[in-house]
Structure formats: C-alpha cells, structure tokens
Amino acid sequence: AKETGNHGGLLVKMGLTFAAEAWGGWNGSFDTGNDLCWFNSGRTFESCCQAPPEERPESCWQGVWLTPDLCCRALEPQYAQCYEDIEARVEAKMRMLADLAAGMEVQGDLQSFTLVHHHITVHQRLLSHPLGLWSWACSSARSPLLWSE
3 AKETGNHGGL
13 LVKMGLTFAA
23 EAWGGWNGSF
33 DTGNDLCWFN
43 SGRTFESCCQ
53 APPEERPESC
63 WQGVWLTPDL
73 CCRALEPQYA
83 QCYEDIEARV
93 EAKMRMLADL
103 AAGMEVQGDL
113 QSFTLVHHHI
123 TVHQRLLSHP
133 LGLWSWACSS
143 ARSPLLWSE
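Numbers 3 to 151, taken from my numbering, label the letters of the sequence shown in order.
Please keep in mind that the hints were generated in silico from the structure rather than gathered at the bench. Any given hint could be a false lead.
Claimed, not checked - Okay, the calculated beta carbon distance ranges per label pair:
#1 His131 x Pro54: 26 to 32 Å
#2 Gly44 x Ala90: 25 to 31 Å
#3 Pro79 x Pro54: 29 to 35 Å
None of the values given here were measured: they were computed from a predicted structure. Note that beta-carbon positions come from the ideal geometry of N, C-alpha and C, so glycine has one too.
Produce the complete structure using the sequences and hints provided.
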C-alpha cells in the first residue's frame, strides 16, 4: 500500500494546539457544542453541558476524548476540516473496498470477498462513531488501513 504522507505529525500538532487553546478556559458561549460528541452516542449537549453539574450523567465524560473543553464548544474550523478530511478518506477507502469485493464476488472468491467485506464493516462502524474514528486516526497516524490509497 502506498502511503500518502505522515499525517501523524499534523494530528499531533493540531492536538497540542487544541489543548493550548482549551487551557485558556471556556469562553462562556454555548451553541450546540461539538456535534461529533453527540452523534450516535446517547449523550446530549443539553444533559452534559447545559444541565447543572450535579444533574449531569457520569457517562458524559467517560472516554479519552470526551471532555467539556472538546464537547461543550463548537469545533474550531481547522479541526472540523481535519475530521472531514479523515471522514472523506474512510469513505473513499470504503468505495475502493466495495469495488474490490464486487469483483471478488463475480469471480466466486468467497474467502477473499468475506475478508474484504469485514474491512468494509469496520470502516462503516468507524463512520458511525465520529470520536472513535478521530481517536483511531490520531493513534494510528501511519496505518495503511486509513492513510494508503
């Protein structure tokens, strides 16, 4: 698999920049926060960010990426673009795998078809959990499963 670049350095720099910005404290404005935190999670902006602290469910901040600084503020444009780029890469990978699987199915190669279909399912699950996708991309910045063409 051909690697398309070292995205790990970029993601680490972005993470450090975000942490530095977050360290400055919450700016006091609420919109709907970071929609990536709420999508398909069972958590809501209202219950985790707007409810009085004593009424907030413990589940709000369970997980490495789930913090008030990340979730209760809108995602900065550069981070939203980064996520969109990661998401687009996963979608492109899924299309490529689907084409590959279709060819294997036509050829009757059931074993290879099953293996490729498993990878498609993994990528679909990543897309259904945005922070999981982000976490995977950041922790596997050189993985050919994401960054190869």
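Cross-check of the supplied hints:
no.	hint	in the structure
1	His131 x Pro54: 26 to 32 Å	holds (28 Å)
2	Gly44 x Ala90: 25 to 31 Å	holds (26 Å)
3	Pro79 x Pro54: 29 to 35 Å	holds (31 Å)
When held up to the earlier numbered hints, the structure conflicts with none and fits them all.
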